[in-house]
Amino acid sequence: MNKIFEKGGKLAFLHSTVDAFETFLRVPDTVTRKGAHLRDAIDLKRIMIIAVISAVPAALFGMWNVGYQHGLAIGDGRLQILANFWYGFLKVLPLYVVSYGVGLAIEFASSQIRNEEVNEGYLMSGFLIPLIVPVDVPLWMLALAVAFAVIFGKEVFGGTGMNIWNPALLARVFLFFSYPTRMSGSEGWISLKAGEQLVDGFTGATPLALEGSAQYGTGFWDLFIGLVPGSVGETSVIAILLGAFILLWTGIASWKVMLSSVLGALFVGLLGDLAGISAVPCWEQLLMGGFAFGTVFMATDPVTSAQTEPGKWIYGFLIGALCIVVRLFNPGYAEGMMLAILLMNTAAPLIDHCVVSAHVSRRNHKILAA
Amino acid sequence: MSKNIVLKKGLDIPVSGAAELRLSKTVQSDIVAVRPTDFRGFTPRLLVAEGDRVLCGSPVMADKQQSDILLCAPVSGCVKQIVRGEKRKLLAVLIEADERVEYQAGAPADLGAMDADAVKAALLRSGLWPFLIQRPYGIVADPAIKPRAIFVSAFNTAPLAASPEFTLGDRLADIQAGVDALAKLTEGGVHLSLNGDNYAGTPFHKLENAVLHCFKGRHPAGNVGVQISHICPIRKDSAVWTVPLLGLAAIGRYFRTGRLDLRRKVAVCGPAAIEPAYVEALPGTPMRALGAFFGGMTDEIRVVSGNLLSGSNEGTEGYLGFFDDQVTVLREGREKELFGWMRPLRYKLFSADRSYFSWLTPWRKYELDTNLHGGPRAFVMSDAYYGRVLPMDIYPLYLVKACLAGDIEKMERFGIYEVLPEDLALCEYVDPSKNDIQDIIQKGIDLMLKEMA
Numbered sequence: 002m003n004k005i006f007e008k009g010g011k012l013a014f015l016h017s018t019v020d021a022f023e024t025f026l027r028v029p030d031t032v033t034r035k036g037a038h039l040r041d042a043i044d045l046k047r048i049m050i051i052a053v054i055s056a057v058p059a060a061l062f063g064m065w066n067v068g069y070q071h072g073l074a075i076g077d078g079r080l081q082i083l084a085n086f087w088y089g090f091l092k093v094l095p096l097y098v099v100s101y102g103v104g105l106a107i108e109f110a111s112s113q114i115r116n117e118e119v120n121e122g123y124l125m126s127g128f129l130i131p132l133i134v135p136v137d138v139p140l141w142m143l144a145l146a147v148a149f150a151v152i153f154g155k156e157v158f159g160g161t162g163m164n165i166w167n168p169a170l171l172a173r174v175f176l177f178f179s180y181p182t183r184m185s186g187s188e189g190w191i192s193l194k195a196g197e198q199l200v201d202g203f204t205g206a207t208p209l210a211l212e213g214s215a216q217y218g219t220g221f222w223d224l225f226i227g228l229v230p231g232s233v234g235e236t237s238v239i240a241i242l243l244g245a246f247i248l249l250w251t252g253i254a255s256w257k258v259m260l261s262s263v264l265g266a267l268f269v270g271l272l273g274d275l276a277g278i279s280a281v282p283c284w285e286q287l288l289m290g291g292f293a294f295g296t297v298f299m300a301t302d303p304v305t306s307a308q309t310e311p312g313k314w315i316y317g318f319l320i321g322a323l324c325i326v327v328r329l330f331n332p333g334y335a336e337g338m339m340l341a342i343l344l345m346n347t348a349a350p351l352i353d354h355c356v357v358s359a360h361v362s363r364r365n366h367k368i369l370a371a
Numbered sequence: 156m157s158k159n160i161v162l163k164k165g166l167d168i169p170v171s172g173a174a175e176l177r178l179s180k181t182v183q184s185d186i187v188a189v190r191p192t193d194f195r196g197f198t199p200r201l202l203v204a205e206g207d208r209v210l211c212g213s214p215v216m217a218d219k220q221q222s223d224i225l226l227c228a229p230v231s232g233c234v235k236q237i238v239r240g241e242k243r244k245l246l247a248v249l250i251e252a253d254e255r256v257e258y259q260a261g262a263p264a265d266l267g268a269m270d271a272d273a274v275k276a277a278l279l280r281s282g283l284w285p286f287l288i289q290r291p292y293g294i295v296a297d298p299a300i301k302p303r304a305i306f307v308s309a310f311n312t313a314p315l316a317a318s319p320e321f322t323l324g325d326r327l328a329d330i331q332a333g334v335d336a337l338a339k340l341t342e343g344g345v346h347l348s349l350n351g352d353n354y355a356g357t358p359f360h361k362l363e364n365a366v367l368h369c370f371k372g373r374h375p376a377g378n379v380g381v382q383i384s385h386i387c388p389i390r391k392d393s394a395v396w397t398v399p400l401l402g403l404a405a406i407g408r409y410f411r412t413g414r415l416d417l418r419r420k421v422a423v424c425g426p427a428a429i430e431p432a433y434v435e436a437l438p439g440t441p442m443r444a445l446g447a448f449f450g451g452m453t454d455e456i457r458v459v460s461g462n463l464l465s466g467s468n469e470g471t472e473g474y475l476g477f478f479d480d481q482v483t484v485l486r487e488g489r490e491k492e493l494f495g496w497m498r499p500l501r502y503k504l505f506s507a508d509r510s511y512f513s514w515l516t517p518w519r520k521y522e523l524d525t526n527l528h529g530g531p532r533a534f535v536m537s538d539a540y541y542g543r544v545l546p547m548d549i550y551p552l553y554l555v556k557a558c559l560a561g562d563i564e565k566m567e568r569f570g571i572y573e574v575l576p577e578d579l580a581l582c583e584y585v586d587p588s589k590n591d592i593q594d595i596i597q598k599g600i601d602l603m604l605k606e607m608a
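In order, the protein sequences belong to chains A and B.
For the first sequence, the working numbering assigns the number 2 to the initial residue and increments by one for each residue that follows.
For the second sequence, the working numbering assigns the number 156 to the initial residue and increments by one for each residue that follows.
Isolated chain A (complex conformation):
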C-alpha cells in the first residue's frame, strides 16, 4: 500500500477503503504471529462470494421475470428470453447500483472510523436487497432503506458479526412500514414504463394476496418455476433451490435451519388445512411468496440465526410456523416471512441462552457425577 494511505499520511482517511480494494484483488502477505502457525485457506471473502454465487440464479431469473411480467401487463405474453431479460436487467441494475453504492460507502466509512479492515458481510446483504424489493421501488426510497439497514441494523452494533437482525431484511422492513402503499397491493410488483396501459382484467397482485382465486399463474408449475409477480428474486423456487444446493453442498448455510423451517411451515399449513381456514394445500404455501427465498438466504444467515445446533432446529421451525400463521390469520399482511425471520432473529439469542443453559447444567451434573 502506498505510504500516503498509511497512518499519518495525507490520505489516511482512505486507509480502510484502499485496503479493502487491495485485499479484494490480492490475498495479503500477512503471516501468522501467534498461535497456530498454519491457517486454513478459507476466509470470509470466500464464504461471502459463495453465498453471493448461490443467489445468482435467483437474481438472473428475477431479471427475466421482471421483463416477462411487464410483457403480460401490457398484453404481450410471449416468452422472449433475451428481450425480457434485457428489460429486467435494465430495471434491476439501478437497484444494485444504489444498494452497493450506498451500503458500501457507509460500510467503508464506518470501518475507517473504527480503524478496522472492511468486512465482507455487505457483499451478501447488498446482493440480496434488490432481490427482495418490488422492482419499481423509487431509488431514493431504496437508498434510504439501505442506509437505515446498514447504520442502524449493523454499524451501531459494531459491524458485521455483531448485528442482531438480518440487514437485508431490515432494509425491506423499513420500506414496508415507511411506504406501505408501495409494498403491497397490486401495483408496485410490475414494472411499467410511463404511458403504458394495463390490459383489461390484469392484476399485478402477488399470488399470496390473491390466495385461492382463479387468477392465472397460480398453478403449481407457475409457482415452482416462478412465472408470477413478486419481489425480484423471490418468485422462482427452482432458482432458489439451485442456490440452496450450493449453500448446503459447501456447508455454508445450515441444513438444519432450512429443513426445520420447511417442517414448521408444513406443520402449521397442515393444521390450517385440517381446520379448513387455509385456502391452499399446505405444500403450496412453500412455493408462494418469500418463503423459499427467506428460508434459503435469510434465515440461514450465520450471524443472526441461532448459534447452537439444537437452537437452529427451534429457530428454523418457528420461522416456518410463524410465517404461515401470519399468512393464515392476519388479513393485514399477505406475507409473513419477513416478519417471521426478524422476530426469530430477535428471539435467537434467547433460544441460544436456553439451549446453552440446559447444556451447562447437564454438563455440571455429569462433572459432579464423575
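Calculated directly from the structure, the hints in this document are not laboratory data.
Hints may be right or wrong, so weigh each one.
Claimed, not checked - Per the computed footprint, the stretches of chain A lying under chain B, defined by three or more beta-carbons under 8 Å from a beta-carbon of chain B, are:
no., segment
1, 31-37
2, 46-58
3, 116-123
4, 154-166
5, 250-264
Said to hold, decoys possible - Over the 10 Å line for every Cβ pair with chain B, so calculated as not near, a few chain A residues:
no., residue
6, LYS8
7, GLY10
8, ILE75
9, PRO95
10, ASP137
11, PRO139
12, GLY333
13, TYR334
For clarity, every value in this text was computed on a predicted model and none was experimentally measured.
C-beta atoms are modelled at their ideal positions from N, C-alpha and C, and glycine is treated no differently.
Based on these hints, arrange chain B on the given structure of chain A.
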C-alpha cells in the same frame, strides 16, 4: 483395557514433510539453554551466576513461590550467560556444555520401598517435577496437593507429530518405572490413553499399574485435555495432573539410574525441512545446531519448537522447548496471491471447508506455509463451525467470547477449567475470521489465575 472411545470430531491437516523413521544423528551442542518461559505459572529465582560450574542435574533456578520446585541443568558445564528481556525478565540461562557429561551423584532408587512423600521429594530434587502439569490452567503442579488422578497420552495426533513408538518404544522399562512412581502420588491412578487404531502395534499396552484407555479419532484425539474430558471431566475443586510420555520416561530413568537424563528423539519435520528425520537432542538445544535441516535461507523460513498448531516460533536463534519432541520447519508465506480467494480451485492449498475442493483428494499432502490467508474479522460463522474440530462437550465460541469479555462467571460455565489453548488450536486453524483463539484462551486462563489467586 477400558472401552474404546471414538471421537468423530476433529481434523488431520494433511501437511507434507513427515519425519522419516530413522535417527539421523545425535546433536551435541556446545550451548544448552535452561528456560523458565517453557513453564506456565513458574516465576524463576536464579540459583547460579555467570561463570559458575554446574553438573548435569544441579539446580539452576527455583520457583519464587514454591522454592522446592527446581529447574536443573541437563548438561554439565559452565554458566556462560544469563539472558534477560524487558524489565529484566529472566529468559534463559545459557550453559556451555562439557564434552563429557558429568552427572550429579545419585543412585538408583528402590521404588517399592518409597512412599508418596519420598517420590515427591525425589522428583522435586531431580528437576523433573516441572514435567507435571496441573489442570485446570496448565500450570506447574503444586506439590502440596494430592491430584485426583494423573493422565498421560501415549499417542500424538498433531500434524507431523513424532511417533512415540519410534521415540520411546525402546524405553518401556523407564516408562513403567515412571508409572509406578507417579501412581504413588494419587489415589485416582495413572491413566494412559492409547491410540485405538494401533493398539496391538504399540508397546505401551503392556504397561502395568496404569488404567489404559483407547481413543480413536483425528486430531485433537491425542491431546490429553480432550482425553480427560472423556475419561473424567475436570472439576474446579479437584485438580488433575498430566505428564507427557517423554516426561514419564525421564522420570522412570531417574528412579532407575539416579541420573537426570533429558535426552530425547526429536522429529525434525515440516514442509520446508530438508530430508526430515529424527535426531537425538536435549531440551534447550539451539535451533542453530539443526541448521542442516533448513539450509541457509533463514529469513524465509520459520522454525517451530513443537507442532504447527501450538508450538512456539523459535526462529533460527531459538531453542528446543522443554516438553517438545518435534521441530517443525516451514516457509513464511509472504507472497501476495492475486485473486486468491476468488480462484475456484487454489490447487496448492488445503481447506477443511467445502467451498474449496481439497476434500475431494484426501490422499494429497500439501506444502503449506504461514500465510494467514485473509484478514482479521469479527466472528461470523456459528459455533458449530468451530465445534466440528473440537471433540469436547463444550461450546467453543461461547467460551472464546466469554474470555474476550473477561467474564469469569461465564468462562467457568462454558468450561475454561477443561481446556488449554492447545485444545482449541484447530478452532483457530479453521477460523475464517482469523482470530488468535489460542491467545484469547490463554489470556482468559491468565485472568482466571489472577482472580482466583
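task: Output the numbers, in ascending order, of every earlier hint that fails for this structure.
output: Hints that this structure does not satisfy do not exist here, as all of them hold.
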